[in-house]
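Read top to bottom, the protein sequences are chains A and B. Take the first sequence: its position 131, counted from the start at 1, is 308 in this note's numbering, and no numbers get skipped. Take the second sequence: its position 157, counted from the start at 1, is 183 in this note's numbering, and no numbers get skipped.
Since the hints were made in silico from the structure, they are not lab data. Every residue, glycine too, gets a C-beta built ideally from N, C-alpha and C. Treat the hints loosely; a few may be bogus.
Stated by the list, open to error - Pulled from the structure, derived: some chain A residues nowhere near chain B, Cβ distances all over 12 Å:
(1) Gln-206
(2) Arg-208
(3) Gly-233
(4) Arg-234
(5) Val-306
(6) Tyr-307
(7) Phe-322
(8) Asp-353
(9) Val-381
(10) Val-404
(11) Phe-441
As the list claims (entries may be wrong) - Covered by chain A, according to a simulated footprint, are these stretches of chain B (three or more residues, beta-carbon under 8 Å):
(12) 119-130
(13) 143-153
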Amino acid sequence: MSLTRATDEFLDGTIDSDTWDAKMYTRLQRRRRRRVITTRILLIVVVLFTWEMASGRLVDEFWISKPSAVIRRAGTWLADGTIAENLLYTLQSTVYGYVCGSIAGIALGFLLGRVRFLAEVLDPLILAVYSIPKIALAPLFILWFGIGMFSKVVIAAVTVFFLVFYNTYRGAREVDPDLIDAVRIMGGNRRQVLLGVVLPSSMVWIFTGLRIAIPYALTGAVVGEIVASNKGVGHMLKVSANTFDTTGMFVMLGVLIVTSSIIFVVLNRVEKKQSGWSATHLHD
Amino acid sequence: MPDPNNRPHSAIAVTDRTDREVVVHASRITKRFLGKRESINAVSDLTVDVHAGEFVCLVGPSGCGKSTLLNMTAGLMSPTTGVLLYRSAPVPRPNTKIGYITQKDNLLPWATVADNVGLALKIRGVPKNQRRDAVERTIHVLGLDGFAESYPAQLSGGMRKRAMLGRTLIYKPEALLLDEPFGALDAQLKLVMQQELLRICQEEKITTVFVTHDIAEAITLADRVVVMSKRPGRVKLDCQIDIARPRDVFGIRSHPRFGPLHDELWQALGDEMLAGEDM
Numbered sequence: 178m179s180l181t182r183a184t185d186e187f188l189d190g191t192i193d194s195d196t197w198d199a200k201m202y203t204r205l206q207r208r209r210r211r212r213v214i215t216t217r218i219l220l221i222v223v224v225l226f227t228w229e230m231a232s233g234r235l236v237d238e239f240w241i242s243k244p245s246a247v248i249r250r251a252g253t254w255l256a257d258g259t260i261a262e263n264l265l266y267t268l269q270s271t272v273y274g275y276v277c278g279s280i281a282g283i284a285l286g287f288l289l290g291r292v293r294f295l296a297e298v299l300d301p302l303i304l305a306v307y308s309i310p311k312i313a314l315a316p317l318f319i320l321w322f323g324i325g326m327f328s329k330v331v332i333a334a335v336t337v338f339f340l341v342f343y344n345t346y347r348g349a350r351e352v353d354p355d356l357i358d359a360v361r362i363m364g365g366n367r368r369q370v371l372l373g374v375v376l377p378s379s380m381v382w383i384f385t386g387l388r389i390a391i392p393y394a395l396t397g398a399v400v401g402e403i404v405a406s407n408k409g410v411g412h413m414l415k416v417s418a419n420t421f422d423t424t425g426m427f428v429m430l431g432v433l434i435v436t437s438s439i440i441f442v443v444l445n446r447v448e449k450k451q452s453g454w455s456a457t458h459l460h461d
Numbered sequence: 027m028p029d030p031n032n033r034p035h036s037a038i039a040v041t042d043r044t045d046r047e048v049v050v051h052a053s054r055i056t057k058r059f060l061g062k063r064e065s066i067n068a069v070s071d072l073t074v075d076v077h078a079g080e081f082v083c084l085v086g087p088s089g090c091g092k093s094t095l096l097n098m099t100a101g102l103m104s105p106t107t108g109v110l111l112y113r114s115a116p117v118p119r120p121n122t123k124i125g126y127i128t129q130k131d132n133l134l135p136w137a138t139v140a141d142n143v144g145l146a147l148k149i150r151g152v153p154k155n156q157r158r159d160a161v162e163r164t165i166h167v168l169g170l171d172g173f174a175e176s177y178p179a180q181l182s183g184g185m186r187k188r189a190m191l192g193r194t195l196i197y198k199p200e201a202l203l204l205d206e207p208f209g210a211l212d213a214q215l216k217l218v219m220q221q222e223l224l225r226i227c228q229e230e231k232i233t234t235v236f237v238t239h240d241i242a243e244a245i246t247l248a249d250r251v252v253v254m255s256k257r258p259g260r261v262k263l264d265c266q267i268d269i270a271r272p273r274d275v276f277g278i279r280s281h282p283r284f285g286p287l288h289d290e291l292w293q294a295l296g297d298e299m300l301a302g303e304d305m
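Bound conformation, chain B alone (with noise of 0.2 Å):
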């Protein structure tokens, strides 16, 4: 149920949707991971809601605690204490109702463009015919024409990261975690997966996670942004993007909330940026 701590205090919320369903609901975690010589808290207390539909970035220094965040709505973890609920309920096994597209690339390298994109229905059982064709359909979207016999290992990291957002967007998951997916991308490329990406989640209506570690991509597609603290990761900062949509990734940082909400996002994370080795 929503924190009334984590109500955004400043912004005017041009899409509020606050009085949706809570999607992500997580409430007082701590994460610790033991080790040999010392045990760390990942995250600490951290409490936060995503509401159906919404589009949240999480900010914060490295090693705060944002992936474990996606890890454990991913049902790869658990938190040590505290509660994380997927649509009201744990999640004690891998959450076969999200996306997640890590940081890492995990297309599988022994099978081709076409394999990978067409891998989850296939695990689902969706027949042979049917699932060239949504595949056909996937890799033409995502612009990877003409290399659905590729493998992984002869694309290049862009080219990756669609095949990868494409093999998760295909059986249509009702939520998309995403953790730095456009971290390694040039800044032109960048753009246009950025713009793809707000397309596809307007039009699909998915609900979204999406770490980064770059102000202005988060304030380009969140509607609310989260500032984590350094480790262990706390919430520092909730603030709604009252920037309208559609947006234009390309012509955003002219808009004249912009440069103001760059500014309290900056001063939010000045602070523990100097804790984490980068930004």
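Bound conformation, chain A alone (with noise of 0.2 Å):
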């Protein structure tokens, strides 16, 4: 309809070809886009459909549960505060994870990107640990910081530390010698060369291993909690798993579906404002 509205303006003259063909493009597009959201649903709507036929039909509901009992539950869980209560535990250790973890990780990665012969000694040592599996330290933080929040911040910090820990590293150590030259010719000591062009140099790079770290840091969290915890979303789906309860376990994967979703979704915008970002100023 819109389409012909739109051809008609430009026969009668009132629009421009091209200004035709930038309507013609954007409603083409909106069209498009809005076919694909459309499949997308149906999509969603046919698998919950046939998983609800199929429980207790084709397949005994013990093993696969269904999406009906899956809302309940997560109504049930969402009115007693169970899911906010876990959720918010797993979210707090996922933050004093992510931060303590960020912190020593561009700090490690400055000084190491700086002083060479640091680096040349522990760069083979930092390799090792980092191509441990994160999971396999987890009992072991465990045994040593008890079943407590302290473990999980622990475990999603280690996990993060080295996302950010080799962005800055990596950042640190492309810096430019030129501008470092520079700088100092002008009488820049070590710290207004540090501040002044290591930094901004390589805060592209930390700001990289600060976006990627972020899901990571939930990651470590729910693994942590799934190890050993009396609280959070991760020892929510083992005690469910424990007690062969497949409906709890389809609650609490779907809150991890939906925070996860919304960190992603949160993350893209940021970037996409972030994408104009090309410089930070100096500092004194």
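Could you use the hints to bring the two separately framed chains together as a complex?
If you want it as structure tokens, here you go:
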């Protein structure tokens, strides 16, 4: 309908051919997008419906639960605060771990990036620790730091640390030495070179590390909770599994899906805004 | 101390400054770069003096160690053997008395033109309002009005060079080292920049060492042109440019001394050029 209107306008001479092209283009894009979304929703509905129908008929409900039960349970747990309480706990460990791991990663990345000798000594050792699957460290941390939140914070922090560390390290190493020389000739001292040249020039790398580390912080916290905990989404997953409560497991998996999706969407938004980022101001 | 071998032999010195203080004194310096397979001597047994207020151009084939000499004067590297003195003292650390304009753009890419130009004053702890005034003035002098808030990536090559010149001149260095600063500019802009540089150096009485490939540029700018041999670089010819100042960069080619000087320098460079990949 709107397509024909644009065509009419074009034929009337109210709009030129470029405007007509542009209008056609956006309309076709929008139409395409609508089709994609409609199909996507349809697909989800079909899957859920098939699941619902299959449950108890083709497959025992004990194994796969069913969507209606999952939604009902989610409602109960939302109402009695089970989801809120456990999610909050998990997010808390995630955030603490993320902040601690990031700070440590930036600090050590910077240090090793600038002190070449130290980097050469430590590099293979750090790589060795980095190459361990972080889950393998979880039992040790729980032994050391107990089943409380602290051990989850440590696991999340360690996961985050390496990602931020390697990016900062790389960024600090790849600073253009000519820029450093220029500032030193102007009379810049060590500190001014570090804050005025090395830091801003590593910023892009550091941001990249910080961004990719966020979902890993959540993973670290949940893994810690699965190994040993008395609270949190991971704990609930494990408890449900131990009591053969597939419905409970699906609810908690749903909670994780929603949480990490929100994180991704927010990150993408921030990233898009930041793509215009080209400068930070010099620090005195 | 002045080396007797380097005294000009041909020309009558119009701006002879040999009686003045020696600012850069290089005596029999050699710079050896160690490599895995082979080590090379960038300069070998090089002796050259630059006096206060003098404008010296270094000309020579690629890789003859012109930039190495500037880097040593700037305190970014030290000679392997020999002595390099800046105002009678060695330069073990970056030399903050000089301004160094390198061939490569090295403005801070994340800072605006104004921030780049004001950087040296900020480092030196000049108060903000004074700094702002100086930056404004410098930006105006260099014809960068309206670009104060632009980032280097948004500027043309010529404007970036001007910004580099501005950020160096703003702290009034007593000596200026320039490494083919106008090499990448188009012919017209090059002349404009040369005129500007001559004016500033004359007004501020800055001692200048200017590296170039271009003989015409060297004659236009310099009091003295030092021709270096191919690697490892030595002084092949030390030639006084007897053309009075102030000079007009647009008309200097028609000066009666321009042709003979050009020929003399060409001749000295001739054999060396065959060895270098470009001139």
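For each hint given before, does the structure comply? Return the numbers of the non-compliant ones in rising order. 8 and 9
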